[in-house]
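Protein chains in written order, with my numbering: chain D, 162 to 474; chain R, 259 to 478; chain P, 658 to 1141.
The hints are simulated quantities; they were obtained by calculation from the structure and are not laboratory data. Be aware that a few hints might be false.
Think about it this way: if two alpha-carbon atoms lie no more than 25 angstroms apart in a straight line, the pair counts; the simulated DMTMM-like pairs of lysine to aspartate or glutamate are [unchecked claim]: (1) K408(R) / E319(R); (2) K344(R) / E803(P); (3) K408(R) / D453(D); (4) K1141(P) / E803(P); (5) K428(D) / D253(D); (6) K268(R) / D387(R); (7) K408(R) / D852(P); (8) K347(R) / D860(P); (9) K445(D) / D351(R); (10) K428(D) / D413(D); (11) K268(R) / D453(D); (12) K1141(P) / D860(P); (13) K445(D) / E299(D); (14) K445(D) / D317(D); (15) K327(D) / D453(D); (16) K316(R) / D387(R); (17) K327(D) / D317(D); (18) K408(R) / D351(R).
Computed footprint of chain D on chain R; a stretch qualifies when at least three of its residues, placed anywhere within it, have a C-beta under 8 angstroms from a C-beta of chain D [said to hold, decoys possible]: (19) 267-273; (20) 277-290; (21) 436-449; (22) 456-464.
Every beta carbon over 12 angstroms from chain P, so not counted as near; a handful from chain R, in silico [said to hold, decoys possible]: (23) I262; (24) A302; (25) S355; (26) S386; (27) A410.
Just so you know, even glycine gets a beta-carbon here, dropped at the ideal spot from N, CA and C.
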Amino acid sequence: MRIVVDLLQALLLILVAPLVRGVVARLKARLQNRRGASVWRPYSDLLKLFRKEELVPPTSSAVFRIAPVVLFAAVVCVTAFVPVVRSSALIDWQGDFFVLVYVLALGRFFLSLGALDGGSAFGGMGASREALVSSLAEAPFLLGLTAIAILASRADIVGIVAWTLKQDFFNISTVHLLAFGALAMVALAETGRMPVDNPTTHLELTMIHEGMVLEYSGPSLALIEWASAIKLHLVIALLIAFFVPWGMSAGDSWTSLALAVLFYALKLAVCAVLLSIIESAVAKLRMYLVPDFLGVAAALSALAVIFTIWVKR
Amino acid sequence: MGLIGIATAKILSSFSVFLFLTIILLAVARRISTSVLLFGLQSAVITADVIATAFQEKLPEVYVVGVLVFAIKVMVIPRALFVLTKRLKTVRDVQASTTPTQSVFIVAAIIYLSYAAVHSYAGAIHVSDDALAAAVSVILTGSFLMVSRKKALMQMLGLLVLENGIFLAALITTFGMPLVIEIGIFFDILMGLLLMGIFTFRISDTFEHLDVSKLRRLRG
Amino acid sequence: MLLLLPLAIPVLGAGLILCFHNPRAATRAALGLGAVEIALLGVLVWQVHERGALHEGRYLRADGLSSLFLLVIAVVSALVLVYASGYLRHMGEGRFSSPRWFYALVFLFLFTMISVCVSANLGLLWIMMEGTTLASALLVGFYNTEGAVEAGWKYLIVCTVGIAFALFGTIVLYIAAVRAGMSPASALDWVSLMDAAPRAGFDPHLMRLAFVFVIVGYGTKIGFVPMHSWLPDAHAEAPTPISALLSAVLLTCAMYAVMRYDAIVSRAAGPLFSHSLLLSFGLASMIIAGLLILVQRNLKRLLAYSSIEHMGIIAIGLGLGGPLGLFGALLHTFNHAVAKSLLFFGAGNVRLNLNTLHVDSIRGLSRSMPQLSAALVIGALAIVGLPPFSLFVSEFGILSEAFAQAHYVVAILFLIMLSIVFGGFAFHFLGMLSGEPNRSPENARLVPSEYTTMACAALCLLVFGARIPHGFAVLLQEAMAVLK
């Protein structure tokens, strides 16, 4: 029974992801005084792309074709780690938050390789920018998660979530506030959102993620788009699980699970609104300012670790 | 205990977290208006702490101080600074001499130092470590802002943050000084700001810029 | 009543003077009010001598120490007001740079400084010290030139930050007092603190912390060396009467504040810590200021550094303690005030008549302006501490105390710096006075307001150098008794 619920959690993360993306896009459109596309548009886009013919550049090698698959596989693997409606997940190892960070990194690495392999100039540019952003974002990501892990004295994500569920919400902990600041900034960088990268841009010289996928078409592009949607959903779910997990069901009964799903949908909606507000309110940072942005995240996460060790609260 | 009692206890135990947040954000703020807004928020957090202290210690004088802090530091001073910024028609950038990353690391070091410095005193005076460390870090951040920002308005703001920290330290340790003295101190701060405002106008008139690092005629 | 009148008259007078639009009328009103004020201060000093310490309410008090400093304020402000009446004739007409604004601001400045000297409550003392910064900032930037605005801004910012640190020190003292069992209402009252301090209960760590912040904070206003950056600029760019007021009165009032705190902290935590801090700051100020005097090119900046040096001397006297050291320090506050006023008046005349303050570009002053040169020579001889002038007496007292307490290092450094300063002054002043005149002054003779004030100051220096008048000696004894 538990395994069924955990499997359903992972499927939830995978299947609802395009909806999350659609909702965010729609909210942004509304904020910018447009009507916007329907929230189900990403699903129809995926279906369309899966049916189309795939064209590969003649100069590319097998890496170009494997890269989307590896990316999708990596992201799907990671969904097995994250608890959504229950404080349990399909895979629960000690130290699995390390694995989470680095499997995601593996996916990004292969995407960059594929972009380089495609042979276009914009692919190369996107790949090199992606390398900068992801290398700078890795440290704060890890430090933020580590700070909370040390505070909870648990090494697995599920354990941390279980610990957080027992804490008092109003006794605001400095470590959590700092780690949340750092992880929120990293989340924007990892998922390729403003102010680090504009997902809706059509100007190639401003692209990071979009630049890498310019050469892809057909099912490969579908896999990549789906993978990035899943990553967005995943990162939001991770932040919710680490910082505001209250509402997750304790037992296996259908009523409590249904209630937990409802709470989760509510929190997801709030996050979607916040994300669309942030994306509409800030302008994209110029590339030389992105290290400053991520440097602030690094400082916040370093401070979180210092607070964990020194103040313990 | 009642709802207000619980709220008071929560405020008193966690206000230092929000103060740390405001000083970190002050370190990375790139525009003067953002910094003024953060100063207003910081003063609002301090007001909450004042009112909570007044409620818990049952000191009616401290309520008056709380109202004064709110009226002066949350309403009047930020609004006056906004008006001043607009009137001076100056560049909105803060003109920091350190990058945001360096500033955040410096503020992080400041927070760490405050905790280290306060550790021995807090136990002796029976106040919480967090609160006193928050006060000292606000003081040190105010000094850092004054030193690293080159705009005259930012030096004024750094001074205001410094005085916020000193006021907070007084509040935490002694629940406020005699009322007459507090009123005198507020009056002095207001007059000081008025004079600094006059001087910034004179600087911008005489020098046509507000960059105090360029005021280097008198040396030796 | 007696305490309230000297406080009320300057404030009301400031408002009154602003109503006179005619500069001549404003000047006359200012002189009249000044005379009344000084007479009141004289009466107050005499009454304190007759009746002992006077109280007014909970916050005002005048004892022997206050009356000494009030006398200094009275004498210097008399000289300054008379000098300013003549000096301002050359001021241009600007929106805020008219004599009425000048006198109004001067009276507000005097009000704050008198309040500092009659505060019984350390909190009120702080408020009024901050008030002195605020009242004098506009006076420092009075001319509204680039240099004046920069000096005024620096003065305002540096002194406000310093005073904020002094507030922190006051708060720590308050904490220590409250924790030792004093009631909050009386924990900032100086007399109550002096009474309670010898008894056990005051945490020495807290008292030491408080004193460190107070000496750094108020030391900024005094001009102790790491915190002195505002002083040369402010004194050089301000109008001359204001420079005299700043050097002679403001620095001494700040020293008064430190004296009050030193008395409390010495009683509570032993004199060693506070006195060694005073000695270190004093020596640092003497050394750095003395060395910098050698390389100055602007006459008023030279005099400003000399003020820093003399504040260092007073701090050394205080830090040494003992009857001679304390006597020397208190006497020195008066002597320095008079001598520095004389010198600043001379510098003002140099500026008025020769349009420059650059020491290098002035030659042959003794031939082109003999009266002024006489005044400058007397002032310079007095300020470096040569007999028969009064500064010799006070510096000798401090030096004897150093030898008596076997602080040989302090004494040797003191002597070395005095010699260096003597050399610097001799070099600069001889350069200005000797040789062929290279500039023709506007008037070679001094106007009455100028020579009366300068003559009074010079006479005072000579008389006090020969023999300290009995009344003044009694006043000094009473002031010392307060601090014991």
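- Honestly, which of those hints from before does the structure not fit? Those not satisfied are hints 1, 4, 7, 8, 11, 14, 15, 21, 22 and 27.
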